[in-house]
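Chemist: Listed here are the chains, written in short residue letters.
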Amino acid sequence: MTAVGTAAPAEARSATMAQALRRAMRDAMAEDQSVHVLGEDVGTLGGVFRITDGLAAEFGDARCTDTPLAEAGILGAAVGMAMYGLRPVVEMQFDAFAYPSFEQLISHVAKMRNRTRGAMPLPITVRVPYGGGIGGVEHHSDSSEAYYMATPGLHVVTPATVEDAYGLLRASIASDDPVVFLEPKRLYWSKAAWSPDEPAAVAPIGRAVVRRRGSGATLITYGPSVPVCLEAAEAAREEGWDLEVIDLRSLVPFDDETVTASVRRTGRAVVVHESTGFGGPGGEIAARITERCFHQLEAPVLRVAGFDIPYPPPMLERHHLPGVDRVLDAVARLQWETES
Amino acid sequence: MKKSSTSVQEPPAAAAYRPTPPPAWRPRTDPAPLLPDPEPYRAIGTDAAADADPALLLRLYTELVRGRRYNTQATALTKQGRLAVYPSSTGQEACEVAAALVLRERDWLFPSYRDTLACVVRGLDPVQALTLLRGDWHSGYDPREHRVAPLSTPLATQLPHAVGLAHAARLKGDDVVALALVGDGGTSEGDFHEALNFAAVWRAPVVFLVQNNGFAISVPLAKQSAAPSLAHKAVGYGMPGRLVDGNDALAVHTVLAEAMARARRGDGPTLVEAVTYRVDAHTNADDATRYRDAAEVETWRAHDPVRLLERELLARGVLDEAGVARAAEAAETMAARLRDRMNAEPALDPMEIFAHIWAEPTPQLREQAAQLRAELEAEASPDGGAGAGEGSGEAR
Ligand SMILES: Cc1ncc(C[n+]2csc(CCOP(=O)(O)OP(=O)(O)O)c2C)c(N)n1
Numbered sequence: 001m002t003a004v005g006t007a008a009p010a011e012a013r014s015a016t017m018a019q020a021l022r023r024a025m026r027d028a029m030a031e032d033q034s035v036h037v038l039g040e041d042v043g044t045l046g047g048v049f050r051i052t053d054g055l056a057a058e059f060g061d062a063r064c065t066d067t068p069l070a071e072a073g074i075l076g077a078a079v080g081m082a083m084y085g086l087r088p089v090v091e092m093q094f095d096a097f098a099y100p101s102f103e104q105l106i107s108h109v110a111k112m113r114n115r116t117r118g119a120m121p122l123p124i125t126v127r128v129p130y131g132g133g134i135g136g137v138e139h140h141s142d143s144s145e146a147y148y149m150a151t152p153g154l155h156v157v158t159p160a161t162v163e164d165a166y167g168l169l170r171a172s173i174a175s176d177d178p179v180v181f182l183e184p185k186r187l188y189w190s191k192a193a194w195s196p197d198e199p200a201a202v203a204p205i206g207r208a209v210v211r212r213r214g215s216g217a218t219l220i221t222y223g224p225s226v227p228v229c230l231e232a233a234e235a236a237r238e239e240g241w242d243l244e245v246i247d248l249r250s251l252v253p254f255d256d257e258t259v260t261a262s263v264r265r266t267g268r269a270v271v272v273h274e275s276t277g278f279g280g281p282g283g284e285i286a287a288r289i290t291e292r293c294f295h296q297l298e299a300p301v302l303r304v305a306g307f308d309i310p311y312p313p314p315m316l317e318r319h320h321l322p323g324v325d326r327v328l329d330a331v332a333r334l335q336w337e338t339e340s
Numbered sequence: 001m002k003k004s005s006t007s008v009q010e011p012p013a014a015a016a017y018r019p020t021p022p023p024a025w026r027p028r029t030d031p032a033p034l035l036p037d038p039e040p041y042r043a044i045g046t047d048a049a050a051d052a053d054p055a056l057l058l059r060l061y062t063e064l065v066r067g068r069r070y071n072t073q074a075t076a077l078t079k080q081g082r083l084a085v086y087p088s089s090t091g092q093e094a095c096e097v098a099a100a101l102v103l104r105e106r107d108w109l110f111p112s113y114r115d116t117l118a119c120v121v122r123g124l125d126p127v128q129a130l131t132l133l134r135g136d137w138h139s140g141y142d143p144r145e146h147r148v149a150p151l152s153t154p155l156a157t158q159l160p161h162a163v164g165l166a167h168a169a170r171l172k173g174d175d176v177v178a179l180a181l182v183g184d185g186g187t188s189e190g191d192f193h194e195a196l197n198f199a200a201v202w203r204a205p206v207v208f209l210v211q212n213n214g215f216a217i218s219v220p221l222a223k224q225s226a227a228p229s230l231a232h233k234a235v236g237y238g239m240p241g242r243l244v245d246g247n248d249a250l251a252v253h254t255v256l257a258e259a260m261a262r263a264r265r266g267d268g269p270t271l272v273e274a275v276t277y278r279v280d281a282h283t284n285a286d287d288a289t290r291y292r293d294a295a296e297v298e299t300w301r302a303h304d305p306v307r308l309l310e311r312e313l314l315a316r317g318v319l320d321e322a323g324v325a326r327a328a329e330a331a332e333t334m335a336a337r338l339r340d341r342m343n344a345e346p347a348l349d350p351m352e353i354f355a356h357i358w359a360e361p362t363p364q365l366r367e368q369a370a371q372l373r374a375e376l377e378a379e380a381s382p383d384g385g386a387g388a389g390e391g392s393g394e395a396r
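So the protein sequences, as listed, match chains D and Y.
UniProt numbering numbers the first residue of the first sequence as 1 and each following residue consecutively.
UniProt numbering numbers the first residue of the second sequence as 1 and each following residue consecutively.
Errors might be hidden in some of the hints.
Stated by the list, open to error - When the alpha-carbon atoms are kept at most 16 angstroms apart in a straight line, the in silico EDC-like pairs for lysine to aspartate or glutamate are as follows:
| # | chain 1 | residue 1 | chain 2 | residue 2 |
| --- | --- | --- | --- | --- |
| 1 | Y | Lys79 | Y | Glu360 |
| 2 | Y | Lys172 | D | Asp61 |
| 3 | Y | Lys172 | D | Asp325 |
| 4 | Y | Lys79 | Y | Asp287 |
To be verified - Examples of chain D residues lying across from chain Y (beta carbon under 8 angstroms, computed):
| # | residue |
| --- | --- |
| 5 | Ala78 |
| 6 | Gly80 |
| 7 | Tyr84 |
| 8 | Ser107 |
| 9 | Asn114 |
| 10 | Met120 |
| 11 | Pro253 |
| 12 | Asp256 |
As the list claims (entries may be wrong) - Cβ-Cβ distance ranges computed for the label pairs, FRET-style:
| # | chain 1 | residue 1 | chain 2 | residue 2 | range |
| --- | --- | --- | --- | --- | --- |
| 13 | D | Arg265 | Y | Ala374 | 27 to 33 angstroms |
| 14 | Y | Gln364 | D | Glu231 | 43 to 49 angstroms |
| 15 | D | Arg207 | Y | Asp30 | 40 to 46 angstroms |
| 16 | D | Ala150 | Y | Lys172 | 32 to 38 angstroms |
| 17 | D | Ser107 | Y | Ser381 | 26 to 32 angstroms |
| 18 | D | Gly60 | Y | Ser188 | 33 to 39 angstroms |
| 19 | D | Asp61 | Y | His303 | 24 to 30 angstroms |
| 20 | D | Ser107 | Y | Pro220 | 43 to 49 angstroms |
Hints listed in this document are in silico derivations from the structure and should not be mistaken for laboratory results.
The beta carbon of each residue, even a glycine, is placed where N, CA and C say it ideally should be.
Same shape as in the complex, but just chain Y (with noise of 0.2 angstroms):
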């Protein structure tokens, strides 16, 4: 084509080119603020220990002595048969402590399979917090006493409900958070992340910690997640993520008591990834030799959450030795209530599988309810005498 600046068909050079951008559909916000620190926030052996009030200290302490003892003392009880299964969190009671300690009364705590300790430091009865665990029920209490959902066991499906309670909650006018623990490998099932983003659309007064032990059942968290970290995760949300050393009390603690109070102020949801690790096996019916060696499980006990805060608050003077052993004496004390406590076998009525179905058992029920009630007093008595089946949980 012959070179001409009047020519109409040249087309335009290609720098020239510029399309008009499309019409901003969203303000764009600053990940920056949102984004973990690089290295978990840790409280003891910082100025900021020193600071701490020393009642918070000394209830931390006492909390994560008698967490080690209850944990302990309920992985015995599957020995002897009197709990069906127990998920230990020994390792971990620095972030059930923190996180039963830092809700008031009002918030809500919506725990996993694995949290029992934090809803007994909540304030449940440690033997109904453990009815899931026993098998006599699948759930012990009534959650609005204490204001703590049903241990949940399928994975993060609790941190949906956690949601929509802040979000209800704030619907009414009512200043309640809600905290929803989850375990690492549950950040990968589809309800963390369909609750994390509700969560951040609504605004919702939510926390959720995760406690990240390392693994999931046998895997490990690189198999599980390629993120630089399940705080990072938050960002894609556009929610803060926080990342703290999850065997130091405190520091779990504080970073709570900041995330909680920012879903107080109304600015919404905060993710928490406490790195921590699992000492015990997955449960008590888990072989954890064949997927970790004993070194690594060495160095974690090396950094135990209990002697921690220990060590610190003795250097601190905050607790000497006679307040160690006081500690310790309670501790004891709980164990061996929870021992007799739950050596009483539990009074079961079988006809009660019928009642709590629907708040009118169907006529299909009633039937099936007889055909039970029939069974039991034939066993009761075989020459047809009445019996049993009388009891109160029949389908009314």
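Chain D extracted, bound-state conformation (with noise of 0.2 angstroms):
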């Protein structure tokens, strides 16, 4: 897996988005009493993906705790906890199988606080490890950002990088929202030369970032498909273009301000992800760039999506996965009107 960040790493300064992600939930339950981990297999075994491990050693199976396999009953549980002052940190296995505590989220994580007036905050973290790449098989490689994207009350992140997994998580913790937090799993073995002992910052939500600088057009991406349009950014050096690349890192709420000035500035704009493209994420962005950039677009705002498909099978999933080959075919396109 390519390496997400800076320079090379030095063996001794690399940690993986795992880690990463693991001290984040570290610190944040040794900085807060009320921040306790629940899930299926979170204890003793650490996780599926070992996101968890070592904290319930640390912190007592009171403050990790494994539950019953029952999604609708882990994030069920986890709002009477909410209501009660702690700070829940849930672990979905995989992404399609945190689809039976949907009606919990929709009906009652995302509303409490609407309904209680302010009253009655809820500040749970769901974390779900999405999408595909690791040659999994059906139900564990779904790319579900636009159905939480769809409820209002729920804020919905996604890291790309070692640094942003630490930053991001802890600000998702630390929230008194909701955060639906989505971990991009063919990543969690990326990554940076950055040490878990090394202090880190708290990424704040709701900011995009520009990756990589550049004046031809915008790459718009998140997750996993950032370190694709990095390295189709790379590419098209060759080809004489010069491309940007946004990592939204927060699709909600989402920073119009960022993606706004950088097309403006460029022109042209290929919004990249894996979810499918009808009814998915790049639609709305699409739509977005359009309303604020329609005077300074070249032309029309492109997606590259996963294909409007049940995820496919492992074997074939790198047919539906969006790669550096259809991202820079997508920046071909939008050449069309200074070249015609």
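Make one complex out of these two single chains by using the hints.
Modeler: Quick look at the structure:
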């Protein structure tokens, strides 16, 4: 897996996203007694991805709790715990296994602040490993962000770098509002030149970052597609295209400001994500760009997304996932107006 | 094959084959103590009523009378358009009242949409308790103030909340019990199962009260569940199930008090099924004659929770005719006051729809709030002057 982040990692100073997430929970639990981790297999096993490894040993199983196998129950119990002043961090084992908890998420988690006129916010973080590219069988590779984005009251964030994994998870746990924290599972083992012992910053929710400066076109992306777009931008240099890459980091709230400023400058935009194109986040983002940058646009906003199919079987997933070539094809199509 | 006692090829006789038992991976518990009694527990007309604290009996009675009047008044308010909808608990008042009165101040109540009366008896302002049903907001009160969760409309979804809260309270070392209310139909939902399972595994101090009023809208219990009783469901989770006459206020109070005490002792949750009847239709908008006959309703009217306790108290001399009149009078006063207050137009601030969604409104929400504010201003003064939309609720 390609490293996300800055310079080539020195072995001694290199951390994975998984380690960064674990440290975020560890630090939050150490600082605040009310932070509790719960989910399936999060205790003794440390989660199927080992993200919670060591938390039960350090904080006890009352703070890091193996629950019965019931997603609605886990999230529903977290609601009650949050009502009583705890800060539950819930782990859903895989994207597609979070679906039984949607009723709790949508009808209660997202709405409690609203129905109680602000009297009872629910500081719940729901961690969901999402997306494909790990050779998982059916139900282990869904990109479910559009479902979450469509629900007012939830924050939806997704890190693409090791540093953001730490910073955004700390911010999510500290947030008084519920956060759906989407973990791009194929970046779990991506590394950065950062040691879990070094100080790390909390990343603000709601702010995109420009990962690469460029002037020819803007690639707008997030989560697992960020490394793809950075690689595409490097490859595009040979074609003489200078691409800007924006990592949204936060889908809700959406950072119109950063996106608009960039596209007004470059005049061209491609939205890249794994989730389906039809009804997917890219449609919303493209519409927002069109509404704000219509006069600066030199070409229609394009989308490079997963196909509109149920996530394909693992031996076929590479045909579904938007890769560097599809991104470059889209960038080529953006040049239509100036070339014709 | 030649029969020979020395032959090594001879297969062992079938009866001699004894597989080693699998290792025991859990102890077996005896289900018998968890099983509900075959008949619902009754207190009225028994020694239990004779031994009961007269102050409790009178309190139950007064609240039943007020509760009945509250239900008829709220239903009347739907006819005048003052309430969008009202799911009456007429016939079920004993459950509602006992549920509220069994709680100590520090305990929590998790009601469903039918349980406004329990909330009011718990001490909530009736107008605030009716906010959801009036339609001015989704909940009218701060849950922490009276330790009452918002009325839950999606069935059974409040049950895991009760478990989580009770669990959290115990983790913090607080002596708090959560009482969660659900209907017979709600017991079919997955959340019911998940909540009971969590509660039993965590030994959470929580009590589940099923008000089995015979119907889930039009569907009778026989089409809802094939269980011997809804209380029997407890056994599979490893908690006691208790069956009680839901029209006998003293009995419901007694059974719930025992369950609460059990939870407080750290012995875990209890499932209580109160057998009662929904005398009114599902809501004011429902036509109950389509799915049940009048004779059935009449049988249950003969077992009315208010009259049941009233007769008992009169017979025992705990109450006299003057006391009956006083209770009725107090109920009338409550109803008149409720009517007056509900007749006042609620003060609504349209801009508040943008408040309370996130701690900080998103930039998108601010834009939308600005749009509505402009629309309101234009509405208030077509020539462009300022006016409406300066409410406090706007997305901050
Ligand atoms: C999850 C869910 N499904 C459907 C409904 C619509 N609904 C409202 S009340 C009701 C019947 C509930 O019956 P029961 O649980 O027995 O409670 P009761 O109304 O008798 O108090 C239904 C189906 C709902 N509120 N929630």
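Chemist: Run through the hints listed earlier and report the numbers of any the structure violates, in increasing order.
Modeler: 1, 3, 14, 15, 17, 19, 20
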